[in-house]
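If you want the building blocks of each chain, they are given just below.
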Amino acid sequence: MLLPALVLLVAFTHYPAVATIIDSFMSTPKPNRPSVFVGLDNYASMVEDPIFWQALRNNLWFALATIPLSIGLALSMALWVNGRMAGRGFLRMAYFTPTVLPMIAVANIWLFFYTPTYGLLEQIGGLFGLPSQNWLGDKATALASITVVAVWKEAGFFMIFYLAALQGISPSLREAAAIEGAGRWFFFRRVLWPLLMPTTIFVSVNAVINAFRMVDHVVVMTRGGPDNATSLLLYHLYEVGFKYWDQGYAAAITVVLLGALATVALAQFFVLDKKAHY
Amino acid sequence: MSLIELRDVEKLWGDVVALSPTNLLIPEGGFTVLLGPSGCGKTTTLRLIAGLDAPSAGQIFVAGRDVTHEPPSERNLAMVFQNYALFPHLSVADNIVFGLQVRKASKQEQSERLARALTLLGLEKLRDRKPSQLSGGQQQRVALARALVAEAKICLMDEPLSNLDAQLRQEMRQELRALQQKLGLTVVYVTHDQAEAMSMADRVVLLNRGRIEQVGSPREIYAQPATVFAARFIGTPPMSVLALDSGAIKGSKFGVHAAPEGATHMAVRPEQVALGGDIPATITASEYLGADSLVRCQIGSEHVAVRITGQQFFEPGHNVQLAWSQETLHYFDSDGQRVDQVTAHPLNGE
Numbered sequence: 001m002l003l004p005a006l007v008l009l010v011a012f013t014h015y016p017a018v019a020t021i022i023d024s025f026m027s028t029p030k031p032n033r034p035s036v037f038v039g040l041d042n043y044a045s046m047v048e049d050p051i052f053w054q055a056l057r058n059n060l061w062f063a064l065a066t067i068p069l070s071i072g073l074a075l076s077m078a079l080w081v082n083g084r085m086a087g088r089g090f091l092r093m094a095y096f097t098p099t100v101l102p103m104i105a106v107a108n109i110w111l112f113f114y115t116p117t118y119g120l121l122e123q124i125g126g127l128f129g130l131p132s133q134n135w136l137g138d139k140a141t142a143l144a145s146i147t148v149v150a151v152w153k154e155a156g157f158f159m160i161f162y163l164a165a166l167q168g169i170s171p172s173l174r175e176a177a178a179i180e181g182a183g184r185w186f187f188f189r190r191v192l193w194p195l196l197m198p199t200t201i202f203v204s205v206n207a208v209i210n211a212f213r214m215v216d217h218v219v220v221m222t223r224g225g226p227d228n229a230t231s232l233l234l235y236h237l238y239e240v241g242f243k244y245w246d247q248g249y250a251a252a253i254t255v256v257l258l259g260a261l262a263t264v265a266l267a268q269f270f271v272l273d274k275k276a277h278y
Numbered sequence: 001m002s003l004i005e006l007r008d009v010e011k012l013w014g015d016v017v018a019l020s021p022t023n024l025l026i027p028e029g030g031f032t033v034l035l036g037p038s039g040c041g042k043t044t045t046l047r048l049i050a051g052l053d054a055p056s057a058g059q060i061f062v063a064g065r066d067v068t069h070e071p072p073s074e075r076n077l078a079m080v081f082q083n084y085a086l087f088p089h090l091s092v093a094d095n096i097v098f099g100l101q102v103r104k105a106s107k108q109e110q111s112e113r114l115a116r117a118l119t120l121l122g123l124e125k126l127r128d129r130k131p132s133q134l135s136g137g138q139q140q141r142v143a144l145a146r147a148l149v150a151e152a153k154i155c156l157m158d159e160p161l162s163n164l165d166a167q168l169r170q171e172m173r174q175e176l177r178a179l180q181q182k183l184g185l186t187v188v189y190v191t192h193d194q195a196e197a198m199s200m201a202d203r204v205v206l207l208n209r210g211r212i213e214q215v216g217s218p219r220e221i222y223a224q225p226a227t228v229f230a231a232r233f234i235g236t237p238p239m240s241v242l243a244l245d246s247g248a249i250k251g252s253k254f255g256v257h258a259a260p261e262g263a264t265h266m267a268v269r270p271e272q273v274a275l276g277g278d279i280p281a282t283i284t285a286s287e288y289l290g291a292d293s294l295v296r297c298q299i300g301s302e303h304v305a306v307r308i309t310g311q312q313f314f315e316p317g318h319n320v321q322l323a324w325s326q327e328t329l330h331y332f333d334s335d336g337q338r339v340d341q342v343t344a345h346p347l348n349g350e
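For the protein sequence lines, the chains are A and B, in the order given.
No gaps in the numbering here: position 270 of the first sequence is 270 in the working numbering, and each next residue is one more.
No gaps in the numbering here: position 276 of the second sequence is 276 in the working numbering, and each next residue is one more.
The set of hints was computed from the structure by calculation and includes no laboratory data.
None of the hints are false.
When the alpha-carbon atoms are kept at most 35 Å apart in a straight line, the in silico DSBU-like pairs for lysine-lysine are as follows:
hint, chain 1, residue 1, chain 2, residue 2
1, B, K125, A, K274
2, B, K104, A, K274
3, B, K130, A, K274
Bear in mind the structure is a predicted one, so any value in this text is a computation, not a measurement.
Using the sequences plus the hints, can you model the full thing?
Take a look at the structure:
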């Protein structure tokens, strides 16, 4: 009975994972030179690779910005559309739309926003007499620009989880708090936030994984440029693996990436779980 | 003195009338029960008093102050919810002092009041538990403690016992009543259970379809129902209401000679009908209840319930003779309002 599931898991999950770890200790096979065991050589070249460090740094900044921003935005939107008001259904749908769109389409839309001279931001800025700005072409603003796209894309998705959790909270809790004279902020801090903690853990684990996994919009918008200013770890990995065909080195980066992600996710579960009420 | 007053208060939900314009005085220090079937407007009334909903029209006064537009927290009242509304992530102690923390009471005051509330309701051993680790009855006590710790003069209760089993409900009824009297609270209590209303209330406010049918002590309401609805609602089983047709019970020849002018219905309690009289009836159903039996009889096209002792037994279809005394009958007009009997004053008579 287990066999079909086992075959699929082994073939597409376990074997590739193990193979990647093995590959990371081997040299890249060439037509005239088969793969040989090289120990930690691949990892050593990673440490010496300035682009790897740049990509890692970019990725940390990217994560540091997208995770709290998208979660914060998701929570505020959920609190906002959870209330009683006209056009609530329309608002909920509007907030969710970015999630439905493929990342490639999202990137293309934002590419138009950012485009110099005739892009949307440029035209709006022009109305107020602001100087022209090449958002994606400038090393100073490129990373921030792609961060904004990621937040825009993710917040709607996370909002759905918060909204579902909020709908599950009995309205009489709010009424009981109102009778006691609790203001919005007190009620949020003492009641809503703790009750939303399980959702926050789930969402934040997802946000961390996404921060290291999202790469589509980099490919469409900047290709890691200018001067690797927007190169994220996964994009660097893609370039190493499929542009330079350095399989061994790519495997080594993969192992590091997966290891880091697993550590962070587990840490989140164990640390935050203690504070959560289910 | 009345502590709470509703003046022409009305509540509409869109086109639906939840509460027709209503005037109500709730006296201080009393146990007032809002009683009625579901959808009668009793919970609406309570929520309007609490300030959880705003009235569509009219004014609400608490202790002589117009609070119609004040938020719930400015009305100086506490409330117990039907589902208790305990904060699931907070311990019993934290649930109870929630309101004190909102009002920024000093740590010392918090712990003193908490200790008093825990003792009052016998919750000392449960202070560190979470609501999910408590039984329904214990949760109920925590909800009560949270309401009482504020030491507000008014306590509103929305069907607080409806989620408890029958045994516990009985105990809590007595306990609630004792607590109310001990603390001199003004309680406004919503229920659809007339046994609760009868056993606890000083005053019952009987509601139906968003209207007050009758206000009075349980005895008054039981003895002198003001409307057909009150007659049909109060009592287990309630009064039998029989339609009258030109001075006789409808469909029969049995005349009701003393019926006052304008009476279209008469009503009588099952316990006040006896066997062995001069009113011919046919038994249609019989329900054995242990100590007594409830027998349904047909007179003409109308039905009347009769309570007899449990030992007696009648087959359906059996013909019996019933008797009732004239003073035990109640009369109602075509609007369903009570019509009092014209008592023949012996002094005025011949």
